[in-house]
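Colleague: Chain by chain, the residues run as shown.
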Amino acid sequence: MTDNELIEQCLKGDQRAQRALFDKFSRKMMSVCMRYAGDVELAEDWLQDGFIKVYSNLGKFKREGSFEGWIRRTMVNTCLDHLRKANRMQVDTDISEAEYLAGDDAKAVSKLRVEELMKLIEDMPAGYRTVFNMFAIEGFSHQEIAAELGVTESTSKTQYRKARTYLMNIIVERENI
Amino acid sequence: MANKEHNLEDIFREAFASHEMDVSAKVWSGIESTLGQAGAAASTGAAGSGFLAKAAAVIGFAGLITAATVAEIDYHSTAAEGEESTQQVVEDLDKTTSTESAVKLSEQEEIHVDPATVIVTRTSETIEGPSGESTDVNDANINQQTAPEQQDGGFNDAGAIAAQDQVQADDRADKVGGADDTANDSDQNVDDGSAVAQGSQDPSADRTQQPDPAVDENEVQASNTVYFSHNATLYLTPNNDGYNDRLEIDGYGFESFLITVWTRSGKEVFQAKNLEQAQAWDGKDKFGNPLAVGTYYYTINAVGTDGLPYKGKNAKGSIDLRH
Chain A
12 MTDNELIEQC
22 LKGDQRAQRA
32 LFDKFSRKMM
42 SVCMRYAGDV
52 ELAEDWLQDG
62 FIKVYSNLGK
72 FKREGSFEGW
82 IRRTMVNTCL
92 DHLRKANRMQ
102 VDTDISEAEY
112 LAGDDAKAVS
122 KLRVEELMKL
132 IEDMPAGYRT
142 VFNMFAIEGF
152 SHQEIAAELG
162 VTESTSKTQY
172 RKARTYLMNI
182 IVERENI
Chain B
2 MANKEHNLED
12 IFREAFASHE
22 MDVSAKVWSG
32 IESTLGQAGA
42 AASTGAAGSG
52 FLAKAAAVIG
62 FAGLITAATV
72 AEIDYHSTAA
82 EGEESTQQVV
92 EDLDKTTSTE
102 SAVKLSEQEE
112 IHVDPATVIV
122 TRTSETIEGP
132 SGESTDVNDA
142 NINQQTAPEQ
152 QDGGFNDAGA
162 IAAQDQVQAD
172 DRADKVGGAD
182 DTANDSDQNV
192 DDGSAVAQGS
202 QDPSADRTQQ
212 PDPAVDENEV
222 QASNTVYFSH
232 NATLYLTPNN
242 DGYNDRLEID
252 GYGFESFLIT
262 VWTRSGKEVF
272 QAKNLEQAQA
282 WDGKDKFGNP
292 LAVGTYYYTI
302 NAVGTDGLPY
312 KGKNAKGSID
322 LRH
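Here the protein sequences come in this chain order: A and B. In case it helps, this note's numbering puts the first sequence at residues 12 to 188. In case it helps, this note's numbering puts the second sequence at residues 2 to 324.
Hints should not be assumed to be uniformly reliable.
List of simulated lysine to any residue pairs, SDA-like, C-alpha gap at most 25 Å [said to hold, decoys possible]:
id, chain 1, residue 1, chain 2, residue 2
1, A, 23, B, 37
2, A, 73, B, 36
3, A, 23, B, 30
4, A, 96, B, 9
5, A, 130, B, 18
6, A, 35, B, 31
7, A, 122, B, 9
8, A, 122, B, 283
9, B, 27, A, 92
10, A, 130, B, 249
11, A, 130, B, 9
12, A, 96, B, 35
13, B, 27, A, 126
14, B, 27, A, 18
15, A, 39, B, 23
16, A, 64, B, 30
17, A, 122, B, 239
Partner residues aside, some chain A positions facing chain B, computed with beta carbon under 7 Å [said to hold, decoys possible]:
id, residue
18, 38
19, 55
20, 62
21, 75
22, 80
23, 117
24, 120
25, 147
Per label pair, the in silico range of CB-to-CB distance [to be verified]:
id, chain 1, residue 1, chain 2, residue 2, range
26, B, 293, A, 52, 43 to 53 Å
27, B, 323, A, 30, 31 to 41 Å
28, A, 184, B, 323, 25 to 35 Å
29, B, 290, A, 52, 45 to 55 Å
I should point out that these hints are in silico values taken from the structure, not numbers from a laboratory. Bear in mind that the values here come from a model prediction, so they are computed numbers and not experimental data. Note that CB positions come from ideal geometry on N, CA and C, so glycine has one too.
Required output: the full structure, derived from the provided sequences and hints.
Modeller: This is the structure we're talking about:
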């Protein structure tokens, strides 16, 4: 069944189609939610909520583009809504900016498996994690992040730089052990 | 240049593009019970709001494209301070990204054309061989439709490849479709895509022949409905270990799509007319033989749902093939 057929069936309320859609995308979307939640229980809650939004907004999806891209965006928005509600979006200001122990060591990063990268994101302070996900992985602009998080653009940039330094230091430290 | 692109962000983005995690059964049970309660109301209520969704989507996509470009430029500015051209682009971008209105988006897209052009220029510089060949490749990157014809003369086997192009692409679509039940959809996309792409490439040919900046700014509009994300600036390691084995590309907001991959010397080695085909690419040539390790170049020709060509920064770039 194509995505379009799947969407049609879901819009008609076909439960098997709804289940098929969930089976097709839920594992990837769990990864998205996990990156924002940093916790399995929380991520599953948000995933559930995100899929309910997907089903109820399905009629708004324009068929020209990638369905997965649209679902992914819906998931990210759901995660941000939850973070906003829980007031976990505040930028951490109490963490002083670490200095670079070493320069960018992309080689060390590229050696890491995706599960290890996920662990790094899970272990990040929440304020770093959100900005890092939004900027580095989802590709939001600092302008958009600022609007979503209710901070200034320059705060978003500073926060991102700190998050990046924090991450790079951990990776380089591990590499040196 | 290649090293610069293997930065932290690219590695994370690429790693998570297709990452999956286990989901416990209770998630579906929760959804099922909620859907049961909502029932028919949700399915009938959602139908009519297409226009609003599109308007919101357009704003979203354009923002994302801007984000990708700003991200790139930011790192260049910290990594390579004092580079004049980079500095200039940063200034330009700062000017445009300070505007919030979606009406301004076409202007932002115009600015994006500049960094993309810089990449093309650099690409042609790195190509070894006679200068005539370099020019061909440069043209190829700008205008795909004429490029294969220009190169036929240079490569004995290229003519045959070009002739079989359509057939091979269709075969591939069938293969991909057969594998995951999307055969009808893929074929549909191929047909639509080629029709629109043909129509849209003539004006683009005119533009490259008249590189008058004043004309460009007033008449050339870039699509602001298209969003692409892909790992094509990174690398492929087609060894079936589950990591980076295939081209990871995703996107939405377009009516037609065409990705072409070229060797350093400008020989076309792969082409896909829809995302499914592109996503299936595992570093093999048109005959199914693994390509040699090295750097390849890609161009994406897409037309947005607004009928305008996609000119995002990641519309062209390099792919590193490793084994």
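Colleague: A separate judgement is required for each hint: does it hold in the structure or not?
Modeller: Now for the hints, and whether the structure bears them out:
1. Restraint check: the Cα-Cα separation between residue 23 of chain A and residue 37 of chain B comes to about 13 Å, which is no more than 25 Å; the hinted pair holds.
2. Distance hint between residue 73 of chain A and residue 36 of chain B is fulfilled; the C-alpha atoms sit about 22 Å from each other, no more than 25 Å.
3. Distance restraint check for residue 23 of chain A and residue 30 of chain B: the Cα-Cα separation of roughly 20 Å lies within the 25 Å cut-off, and the hinted pair is therefore satisfied.
4. Restraint check for residue 96 of chain A and residue 9 of chain B: the C-alpha separation of about 30 Å exceeds 25 Å, so the hint is violated.
5. Distance check on the hinted pair: residue 130 of chain A and residue 18 of chain B sit about 16 Å apart at the alpha-carbon level, within 25 Å; holds.
6. For the suggested pair residue 35 of chain A and residue 31 of chain B, the alpha carbons sit about 17 Å apart, so the restraint of at most 25 Å is met.
7. Our distance criterion of 25 Å between C-alpha atoms is met by residue 122 of chain A and residue 9 of chain B, whose separation comes to about 11 Å.
8. Restraint check for residue 122 of chain A and residue 283 of chain B: satisfied, since their Cα atoms lie roughly 21 Å apart, inside the 25 Å limit.
9. Among the hinted pairs, residue 27 of chain B with residue 92 of chain A is consistent with the structure: their alpha-carbon atoms are about 22 Å apart, no more than 25 Å.
10. In summary, the hint linking residue 130 of chain A to residue 249 of chain B is supported, as the alpha carbons are separated by about 22 Å, within the 25 Å threshold.
11. About 15 Å separates the Cα atoms of residue 130 of chain A and residue 9 of chain B, which keeps this hinted pair within 25 Å; it holds.
12. A hinted pair counts as satisfied when its Cα atoms are at most 25 Å apart, and residue 96 of chain A with residue 35 of chain B qualifies at roughly 21 Å.
13. The straight-line distance between the Cα atoms of residue 27 of chain B and residue 126 of chain A is roughly 23 Å, inside the 25 Å bound, and the hint therefore holds.
14. For the given pair, residue 27 of chain B sits about 23 Å from residue 18 of chain A by alpha-carbon distance, which is consistent with the 25 Å threshold.
15. Under the criterion of a C-alpha separation no larger than 25 Å, the hint pairing residue 39 of chain A with residue 23 of chain B is consistent with the structure, at around 9 Å.
16. As the CA atoms of residue 64 of chain A and residue 30 of chain B are separated by approximately 15 Å, the hinted pair is consistent with the 25 Å bound.
17. Distance check on the hinted pair: residue 122 of chain A and residue 239 of chain B sit about 16 Å apart at the alpha-carbon level, within 25 Å; holds.
18. Interface hint at residue 38 of chain A: satisfied, since its Cβ lies 4 Å from the closest Cβ of chain B, which is below the 7 Å cut-off.
19. At a threshold of 7 Å, the smallest CB-CB gap from residue 55 of chain A to chain B is about 5 Å, leaving the interface hint in force.
20. With its C-beta approaching chain B no nearer than about 5 Å, residue 62 of chain A sits inside the 7 Å limit, and its interface hint holds.
21. Proximity of residue 75 of chain A to chain B holds as hinted, the smallest CB-CB distance being about 5 Å (cut-off 7 Å).
22. Satisfaction of the interface hint for residue 80 of chain A is found here, the shortest Cβ-Cβ separation to chain B being roughly 4 Å, below the 7 Å cut-off.
23. Annotation: interface hint on residue 117 of chain A holds; nearest CB of chain B at approximately 5 Å, less than 7 Å.
24. Annotation: residue 120 of chain A was flagged as interfacial toward chain B, and the flag holds, the nearest CB pair being 5 Å apart, inside 7 Å.
25. Of the supplied interface hints, the one on residue 147 of chain A holds, with its beta-carbon coming within about 4 Å of a beta-carbon of chain B, less than 7 Å.
26. Here the CB-CB span from residue 293 of chain B to residue 52 of chain A is close to 48 Å, well matched to the stated 43 to 53 Å.
27. Between residue 323 of chain B and residue 30 of chain A, the C-beta spacing of about 39 Å keeps the proposed range 31 to 41 Å intact.
28. The beta-carbon spacing between residue 184 of chain A and residue 323 of chain B, approximately 27 Å, falls within the hinted interval of 25 to 35 Å.
29. At roughly 48 Å, the beta-carbon separation of residue 290 of chain B and residue 52 of chain A lies within the given 45 to 55 Å, and the hint holds.
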